[in-house]
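**Student:** The residues making up each chain are set out below.
There are 2 protein chains.
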Amino acid sequence: MEIAQSLQQIKSSYIREILAAASDKNVISLAGGLPDEKTFPLELMKPTLERLADTPEVFQYGSTSGYGPLLSFLGDYFKLPGTHTIMITTGSQQGLDLIARAYVNPGDKVLMEVPSYLGAMQVFGLVQANILTVSQTDFGPNLEELEQCFAEQKPKMFYAVPDFHNPTGVCWALETRQKVAELCIQYDVALIEDAPYRELRFSGEALPMVSDFCPQNAIVLRSFSKIASPGLRIGVVTGKVSYLEPLIKIKQGADLHSSVPMQALLHGLLEHDNFETHITIIRELYKSRYDVMFSELEKQLPTGCVLRPVDGGMFVWVEIPECDTFELAKQLLVNGVAVVPSPVFYPEGAEVKTALRLNFTNATSEELKVAVTRLAHVLHIL
Amino acid sequence: MEIAQSLQQIKSSYIREILAAASDKNVISLAGGLPDEKTFPLELMKPTLERLADTPEVFQYGSTSGYGPLLSFLGDYFKLPGTHTIMITTGSQQGLDLIARAYVNPGDKVLMEVPSYLGAMQVFGLVQANILTVSQTDFGPNLEELEQCFAEQKPKMFYAVPDFHNPTGVCWALETRQKVAELCIQYDVALIEDAPYRELRFSGEALPMVSDFCPQNAIVLRSFSKIASPGLRIGVVTGKVSYLEPLIKIKQGADLHSSVPMQALLHGLLEHDNFETHITIIRELYKSRYDVMFSELEKQLPTGCVLRPVDGGMFVWVEIPECDTFELAKQLLVNGVAVVPSPVFYPEGAEVKTALRLNFTNATSEELKVAVTRLAHVLHIL
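In the order they appear, the protein sequences are chains A and D.
Sequential numbering from 1 applies to the first sequence in the UniProt record's numbering.
Sequential numbering from 1 applies to the second sequence in the UniProt record's numbering.
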C-alpha cells in the first residue's frame, strides 16, 4: 500500500536514532530533552493514584475538550479572559498537530524562527506547509526581518517558543515580546506560542507571555511534561473560542479525548499544597546542573566556540567552527557523549549554523563534567 | 484565521449533540455507545494503580510504538505471526486516524459498508478520501457488489467491522470472512479490520477474524474500551511491519506516544488472574440486557418495523417505516428516550435506510423496558 504524499517528505527523526544509540550505558546523553525522572512528583501523585479506583466516572468516555474539574481549575490557574477557552490534548505535541491540521492547507505559509523545534517542523511538514523562517538574535526573532516577512509574505501563523527556546535556550526580551504582538495584530498573523519550558526559569525575572499582549491573535500551548511528568501525555491549549472550536472538531476524530484518569491525576497534583515547592526544587536542581555544565564548557571548550548563557529551560546551544556536524556527533558517540547536531533544527533549504544542542537536565552534575571533558577533547582534535 | 479546506467538509457530530441532550436525567439514553461504568474492573486495576508511583520510568517519555512490557504481552496474547508488529494508540480511534493520514491522499478510494461507523467516516473525510460504499446483508457485505467494486474501482482499502457491526450489530458469516479475505488478496486491497466489539459475543461460536485469512493484506484495530475502560484511551494496531512503520512515523508528530501509566495499568489488568472472569461477567450482563430489550421490542413495536437479532456487541438496529428520522429522534427526546437516527451512519450521497440505532449496554434492564415503551408509543402514533 503506497503511503500518502504528505508522508513521503518526512524524514525519520534523527533525534530518535541518536536517542537509541545514546541508551548505551557507556554513553552520557546530552541529546534528549528529558527531565530527570528522579524529579517526578510521585509522592504528590500517590494520594490521587490511590483514589482513582473510587471514581469510576474517570474510566468512562469523556468530553473531547477535557475533564471538567481540570478545565475549570486551569481556567483560574491561567487567568484566562472571558473570551477564551481551554482544551486538553494528548501532550502539547498533539495541540501543535491539531493546529496544523485545522488551519494549514498545502502551501499555506507558516513562519518560525530558525533554528526551531523539530516536532513543529514535522507537523507543519505533514500538512505540507510552506515553512518560512526568521533568524534569531539574543533577544528573540530579528524584528526587521519579521516585519518584512509579515508585510511581504503574509504568513497565516507565526510559531514561536519565546521562553527558553528549543534548541537555542534564547528567552525573548520584553520589548521583543511587545513588538511581536503588535506586529501580529497589525498584519493579522496568528501567534502560536509554545511554552513548554516557561516554568523552568532559574535566573532573572519572569516576563509576560507574548500572547498577553495580543490575546485575540494567539493560541497558546502549555505542557506539564517538564514540571510534572511527560509520560502522562497531558498538554493544554488555550485561545479564543473561535480559534479552538476547529481543534476540538479534529481532536474528536484524532483520539476522541485524552486519558481521563491522567487528567484527574494532573488535577490532583496541581491542587496539591506542595506542588509549587516541587517546581522550586526542580528549578534549583536544573540551575545547579546548568551552572556546572556552563562553567565546564567555558573552561574547556577550544577558542572558536560560542557559548550563550541561559536563564532557564533545558538546553545550551554551542556554536562551533564549521564542520560536518553529523560526522562530529558520530565521533562524539564513539567517545561516550551524545549530542544533537544543528542541521536537524533547520527546515530544508535554510542556511545552517554549525552548532550542537546540549541538554543539562537529565544527566547528573558529575556526568555533565565528564561529558563536557569528552566533548572538549574531540573538539580540540577536530 | 480561516480553517483548512479539509475541515470545511466535516459536519459537527450529531451524536455529540444528542449525547448532550441525553444527559437530562429524565431521558433514558439508548443513543451512545457507552459501556456500563459499573462493569469497569476497578478492583482488578487497584493493585497496579497503587504500584504505579513506585515505577518512575512509566512517568518518563516513552517509545512511540508503545510500552515494552505491554507490547511483548500483547504479541503473545494475539499470537501475532513473526512478520507482524504491534503499536499502541491513544484509543483505537487514533489507529484509524493514523491509517487515514498515512495512506490516503485526497481523492483516494476507501470502501466501507453502509451504514458505517461515524468516526471512520470522519477520519476518512478529513483526509478527503473518496468514500465508496457496499451494502450489507445479514451475513456481511454483499459479495457480488464487493467484487465488482474491487474490480472496477480498485479502492486502496476496505474498512470493515466484521464483529457486531456499529450500527447494525451484524456479525459476518464464516464464508463471507473467507471470501472477503480472498478478494482482498486477489485485488490487492488492504483490509482495515476494526474489532472493538469482538470480545462482546454472548451467543454462538467465536469465528476467526477476517484478517486471519489474509494476514499480509490487513491492518487490525483492537480496543480495550468495551472490556476494560474507554477513559484510558488505549487501543492497539497490528499488521505487517511495512504497514505499521508509516503509522509510527505519523504518531510521533501526532502525540509522541500514548500515556505510559495507562499502558502499564492495562498491562497489569490483562495479566490479572481474574480478567477473563471479568469479561465473562460483562458478557452475561449485556446478554441479559439485550434479551430484555429485544423481547420488549418484539412485543411492543408496531408492524412495519424490522428487527434483527444480534449475538453480541452493543447495538440493535431497528428499521422503521419511512419518515424524517431526525424529527422522530427529537420527538423521542421529548418523550424521554434518546436514540440515533440512521442518516448519521451514511456518507453523503448514499441511499439511506430509515432506521434507529439502539444501545443496550448502558441502561439497566428496567430502564430499557421503559425506554422501549416510550419508543413504541411514539412509533405507534407516527
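Derived from the structure by calculation, the hints contain no laboratory data.
One or more hints might be untrue.
Claimed, not checked - Straight-line distance between alpha carbons at most 30 Å, and here's what the computed DSSO-like set of lysine-lysine pairs gives:
id	chain 1	residue 1	chain 2	residue 2
1	D	Lys240	D	Lys25
2	D	Lys46	A	Lys46
3	D	Lys299	D	Lys330
4	A	Lys46	D	Lys38
5	D	Lys46	A	Lys38
Claimed, not checked - Part of the chain D face toward chain A, derived, beta carbon under 8 Å:
id	residue
6	Met45
7	Leu49
8	Gly91
9	Gln94
10	Phe213
11	Asp255
12	Tyr346
13	Gly349
14	Thr373
Said to hold, decoys possible - Covered, in the sense of this in silico footprint (three residues per stretch, anywhere, with C-beta under 8 Å from a C-beta of chain D), are these stretches of chain A:
id	stretch
15	29 to 38
16	122 to 131
17	342 to 350
Where a beta carbon is used, it is the ideal one built from N, C-alpha and C, also for glycine.
**Student:** Now tell me, hint by hint, if it's right for this structure.
**Tutor:** Verification of the supplied hints:
1. D:Lys240 x D:Lys25: Violated: Lys240 of chain D and Lys25 of chain D sit about 47 Å apart, past 30 Å.
2. D:Lys46 x A:Lys46: Between Lys46 of chain D and Lys46 of chain A the Cα gap is close to 13 Å, so the pair holds against 30 Å.
3. D:Lys299 x D:Lys330: 24 Å, holds
4. A:Lys46 x D:Lys38: 24 Å, holds
5. D:Lys46 x A:Lys38: 24 Å, holds
6. Met45: 6 Å, holds
7. Leu49: Hint holds; Leu49 of chain D Cβ to chain A Cβ min 5 Å, cut 8 Å.
8. Gly91: Where the cut-off is 8 Å and the nearest Cβ of chain A is about 5 Å from Gly91 of chain D, the hint holds.
9. Gln94: 4 Å, holds
10. Phe213: This interface hint is violated because 18 Å lies over the 8 Å limit.
11. Asp255: This hint holds: Asp255 of chain D lies near chain A, its Cβ roughly 4 Å from the closest one there, short of 8 Å.
12. Tyr346: 17 Å, violated
13. Gly349: Hint on Gly349 of chain D: violated, closest Cβ of chain A at ~20 Å, above 8 Å.
14. Thr373: 27 Å, violated
15. 29 to 38: The restraint on the stretch 29 to 38 of chain A holds, since 5 of its residues have a Cβ under 8 Å from chain D and three suffice.
16. 122 to 131: holds (count 4)
17. 342 to 350: violated (count 0)
Going down the numbered hints, you'll see the structure goes against 1, 10, 12, 13, 14 and 17, while the others check out.
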